[in-house]
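*Asks:* One letter stands for each residue in the lines below.
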Amino acid sequence: MMYLIGILITIFLVVIIVQIGKVNELTARLRGEKQAAQDGNDWNAKLMLLFMVAFLVGSVWSAIYYKDYMLGYGPNLLASEHAVGIQFAFNITLFFTGIVFVITQILLFVFSYMYRYREDRKAEFISHDNKLEIVWTAIPAFVMALLVVLGLVEWNKSMADVGENEKPVGYVSLEESDREDTYLEIEATGKQFGWILRHPGKDGKLGEKDYTLIDDATNELGLVFDDPKNIDDIVISDELVLPVGQKIRARITSRDVLHNFDIPHFYVKMDAIPGIPTHFVFTPTMTTESYRDHLSQFPEWNVPADPDDPEGPKRWEAFEYELACAELCGKGHYSMRRIVRVVTLEEYNEWLTKNEEKSFYLTNVRGKLGDPFINKKLSIEERIDRRNKEKDAEKKKDDAPAPDAAPSTTPATPETPTTPETNTEGNTLNNSSSSENSNGTTTIGGEVKNIIEKATEEVKKEGEEAKGLIDTPKDGGH
Amino acid sequence: MADLKHNEGLLVEEYGYEAIEDGFHDHHHGDKYQSGFITHYIFSQDHKMIAKQFLITGMFWGIIGGLMSLVFRMQLGFPDSDMSWLQPILRGWISIDNGVGTLDPQFYYALVTMHGTILVFFVLTAGLSGTFSNLLIPLQLGARDMASPLLNMMSYWFFFLSGAIMFASLFLSTGPFSGGWTAYPPLSALPQASSGSAGGMTLWLLSLVFFVVSVLLGGINYITTVLNLRTKGMSLWRMPLTIWAFFVTAILGLLSFPVLVSGFLLVMCDRGLGTSFFLDQIYIGGQALEQVGGSPILYQHLFWFLGHPEVYIIILPAMGLVSEVLSVNARKPIFGYHAMVLSILAIGFLSFIVWAHHMFMAGVNPFISNIFVIFTLIIAVPSAVKVFNWISTLYKGNIRFNSGMLFAIGFVSLFISGGLTGIFLGNSAIDIPMHDTYFVVAHFHIVMGVAAFFGMFAGVYHWFPKMYGRFMNDTLGKLHFWGTLIGAYAVFWPMHYMGMAGVPRRYYSFATFDFSNQFDLTNQFITIAAIITFGFQILFVVNFFYSIFYGKKQKQKNPYGATTLEWTTPIDAGHGNWPGGIPTVHRWAYDYGKNDGTMDREFIPQTEPVSPEEKEYDDKHLH
Ligand code: HEM
Ligand SMILES: [Cu+2]
Ligand SMILES: [Cu+2]
Chain L
1 MMYLIGILIT
11 IFLVVIIVQI
21 GKVNELTARL
31 RGEKQAAQDG
41 NDWNAKLMLL
51 FMVAFLVGSV
61 WSAIYYKDYM
71 LGYGPNLLAS
81 EHAVGIQFAF
91 NITLFFTGIV
101 FVITQILLFV
111 FSYMYRYRED
121 RKAEFISHDN
131 KLEIVWTAIP
141 AFVMALLVVL
151 GLVEWNKSMA
161 DVGENEKPVG
171 YVSLEESDRE
181 DTYLEIEATG
191 KQFGWILRHP
201 GKDGKLGEKD
211 YTLIDDATNE
221 LGLVFDDPKN
231 IDDIVISDEL
241 VLPVGQKIRA
251 RITSRDVLHN
261 FDIPHFYVKM
271 DAIPGIPTHF
281 VFTPTMTTES
291 YRDHLSQFPE
301 WNVPADPDDP
311 EGPKRWEAFE
321 YELACAELCG
331 KGHYSMRRIV
341 RVVTLEEYNE
351 WLTKNEEKSF
361 YLTNVRGKLG
371 DPFINKKLSI
381 EERIDRRNKE
391 KDAEKKKDDA
401 PAPDAAPSTT
411 PATPETPTTP
421 ETNTEGNTLN
431 NSSSSENSNG
441 TTTIGGEVKN
451 IIEKATEEVK
461 KEGEEAKGLI
471 DTPKDGGH
Chain E
479 MADLKHNEGL
489 LVEEYGYEAI
499 EDGFHDHHHG
509 DKYQSGFITH
519 YIFSQDHKMI
529 AKQFLITGMF
539 WGIIGGLMSL
549 VFRMQLGFPD
559 SDMSWLQPIL
569 RGWISIDNGV
579 GTLDPQFYYA
589 LVTMHGTILV
599 FFVLTAGLSG
609 TFSNLLIPLQ
619 LGARDMASPL
629 LNMMSYWFFF
639 LSGAIMFASL
649 FLSTGPFSGG
659 WTAYPPLSAL
669 PQASSGSAGG
679 MTLWLLSLVF
689 FVVSVLLGGI
699 NYITTVLNLR
709 TKGMSLWRMP
719 LTIWAFFVTA
729 ILGLLSFPVL
739 VSGFLLVMCD
749 RGLGTSFFLD
759 QIYIGGQALE
769 QVGGSPILYQ
779 HLFWFLGHPE
789 VYIIILPAMG
799 LVSEVLSVNA
809 RKPIFGYHAM
819 VLSILAIGFL
829 SFIVWAHHMF
839 MAGVNPFISN
849 IFVIFTLIIA
859 VPSAVKVFNW
869 ISTLYKGNIR
879 FNSGMLFAIG
889 FVSLFISGGL
899 TGIFLGNSAI
909 DIPMHDTYFV
919 VAHFHIVMGV
929 AAFFGMFAGV
939 YHWFPKMYGR
949 FMNDTLGKLH
959 FWGTLIGAYA
969 VFWPMHYMGM
979 AGVPRRYYSF
989 ATFDFSNQFD
999 LTNQFITIAA
1009 IITFGFQILF
1019 VVNFFYSIFY
1029 GKKQKQKNPY
1039 GATTLEWTTP
1049 IDAGHGNWPG
1059 GIPTVHRWAY
1069 DYGKNDGTMD
1079 REFIPQTEPV
1089 SPEEKEYDDK
1099 HLH
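These protein sequence lines map, in sequence, to chains L and E. Per the working numbering, the first sequence starts with residue 1, numbered consecutively. Per the working numbering, the second sequence starts with residue 479, numbered consecutively.
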């Protein structure tokens, strides 16, 4: 039935169209074809002008209308170091192309109008003008050269890999000068349809992988557990936690088809390719919290995030940096969302400490069949034990009133992979702990410094220890 | 000698131009082209009929591809609307839940892929270049037909076969191919990765291989014809810009399409023979594949080595048609003919060394990108020159706004708007945020999609009398123009802003991300604009078919007062185009409004000898 109606409407439309055409030709014949042609010509010339005005006004108006939506304009600050330079190149390009756009569109439509057909007009025979042509070849060439230089400077800055003398770190240093030649390497592995994210743990190094070891139930990434670097690697699947102001090297790979690691607010984008790891180096400049604070000034961000829930969180409160996929990877391509949470350096170190015991190895392999380090004591476990004991001791102290003792880490819950709940819980805990010590930032700083010092020592120790560990079974084998 | 002169004088009287007798009359009877219905309309070897076949087939595919885009635009603009009314056509691809029909994501991607493939290859390559190269090369060069009418016929029928295979793939139970028109492996190589990569991809590859055969047969023919069958006096520098454009287009196709096929063959091997040209360390469908050592990036190099020239294969013919239509209707020579030809050549050459600008974010060495940035932005220079020349062609003209002319002017506007965004994308640093977002979608739809369509419309309206001996209705044509110009900008302009907000392309739903989920109104607006714009295309289709039979009859041989040779043939030219001898050429193609003191004429056909006191404007006199 629907279809019958559809067909009837179509036929009806066709008849109408044909009639419009016919009627116009008939009236034209009545007025005399020449006069009609002249009238039609004038009409269209006027429409050209009208269109030009509407088009130019529309393009400016729409740019203003969308200003608050676009990244790098309005409230939407860019949140990484290199993005600012790129935005500069964008704006310079916009400036030059904008001028060309306006001038050429105006000339095109104005000429069309001015030189519309008149019976008494003669077209002028202008076949070429060498001088003019040289000028308008040279100007674009010059502007292009300018844009190329500007663009390539930004490009090579943005794409530079970490230097040879830069060191990977696990815990990040709070001193800017110490951070200068360090980077934090994290890994994102694309799969249909999601990202598997990995933090290097305290040693700052990502362990080896082997795609033949992948097993969806027990080892999504195919981590090679013989490699001691894997012992402390933390595999998470719901959010990427990044310290602000620390150079990040994202190692980007894929398990199956092409994906693309895309964080719009950072201007970070790079294909994830099975077999060929790629990377993108960037430095986040704003924590999620400070970005939210920034957004809270704007009225359009002060509306409920969910229109159906007017009492719920405001848009700015719900703001998150997001990691997306920007390379078609199959039917779930549009759904590979992960949250990117940028935190302060202190918070990052705390997060790392807290998540140490959730390293993929400890939660999934340790003590099970196939654990290469079975029967060996690992320094990571010692650390965790020690911290738990300290915590227990603190708890006992807590029973006796002790005002300054703030819980520095979350209680050890022997829970398997991080779930969103534990993370948010951890988050609030961290916040409350730091606010409790309103005058105690130094305490935390000092504490963290201790952690880092200890950590570097332990990394060394663990490396040696691990070498021994690998050697042991080999020796035993022969 | 005197004898010959006398003869020529006679011929001028008979045909209106000086003609060369090439003995065509001798085998006039026993017509090898038009003996019966089948050989006349179906397996025709007459270039004019083949042109019409390409055009109408292209229109068929244009409608199919356009309708597909409306379906996926519905999904983007109105994701919550009930699509169950499409179920009788789309069947299982609409899943009904609580009486509300939704489009399956897998089929969404299949639609997007088919839309892209169909429009890029079937409509804007075959339908555009196939139509007008065939129609105009022999007519404007003064040739009886293509160098090889047989290959020409085969070119169409390979295209037809290619289309038939693609059409069949729409009905597979696993669906047509759904990995994007670029068909990047591993997605396209592994049926485990996407159901469209099963039988759908096999047919897609097969179809496009036949398509390439068609392009190559056509291209060889166009090149040979241009080089060898120009009539007496038609030096290369006297050819109309249309011919230059078709000529360079054919060369681009000949050099780049085989590379695409080599890429396709390697994909086929990876799919069927267990090779791993493009596969490495893949775990999929619960299994680690044994194929290792390949590189998915290699495919992208092969693809874009065609892919970038392909965009110029699409736009160059449109540029040629527009140059011609602008000049004829402004009653002025095309401005800077030599610069125009050199730009075409420069664009053609440069288009081979910029391909990796599609791969800035593909994991290639960032150092290499430096070089591609430089070449890419150099392309903007000849493109700019062309734009300036078109605009100057209008300057001090006496412009007739018929439908063809309107579309030609619209083309220039669109080419400016879309070309300028190319300058952003070609600068690799700016491409970091823009790559694979709606900004790219806006760029290439405006500069290639819509602009090429405008070139094609300009050509169809302008040369319709040459094809059917009748005019299309001009009122409907103008309505079509204004609706399409406004509609196309309404559809694609807002997409720039979405791209600048980071919204990625090829998303089935924008609701999964906060940053992409702020454009509900925009998306609804775009979808509605797209539906309306499609409606205006119906106007064109109706006008086209109605006019074939009932359009205003062409009464004069040369209705536009044009200088080029196609208007010297009889209105209803049979095979061989010219009933007697073929015309000879004495001047360039752009003597419009010549009033330089040596001459004062509204237009002077190419067939007219240069009088002794007249200043000539072709090659000999320009340098
Ligand atoms: C000023 C000249 C131009 C420049 C500098 C330019 C530059 C670019 C660049 C760099 C891209 C890749 C963007 C990305 O994927 O991130 C691109 C995409 C594209 N361009 Fe252009 N372009 C120009 C003109 C054209 C023309 C004339 C056409 C066609 C007639 C065209 C058609 C396309 C198409 C189809 C794509 C998208 C391909 C895809 O990914 O599916 N461009 N352009
Ligand atoms: Cu994806
Ligand atoms: Cu390109």
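These are computed hints drawn from the structure, not numbers from a lab. Predicted model only: the values in this text are computed from it and were never measured. All residues carry an ideal CB built from backbone N, CA and C; glycine is no exception. Where hints are given, some of them may not hold.
One-sided excerpt, in silico: chain L residues whose CB lies under 10 Å from chain E [said to hold, decoys possible]:
| id | residue |
| --- | --- |
| 1 | Val14 |
| 2 | Met52 |
| 3 | Tyr66 |
| 4 | Leu150 |
| 5 | Asp161 |
| 6 | Phe225 |
| 7 | Lys229 |
| 8 | Val244 |
| 9 | Phe298 |
| 10 | Ala305 |
| 11 | Asp309 |
| 12 | Tyr321 |
| 13 | Glu322 |
*Asks:* Hint numbers the structure violates, sorted upward?
*Replies:* Violated hints: 6, 7, 8, 9, 11; rest satisfied.
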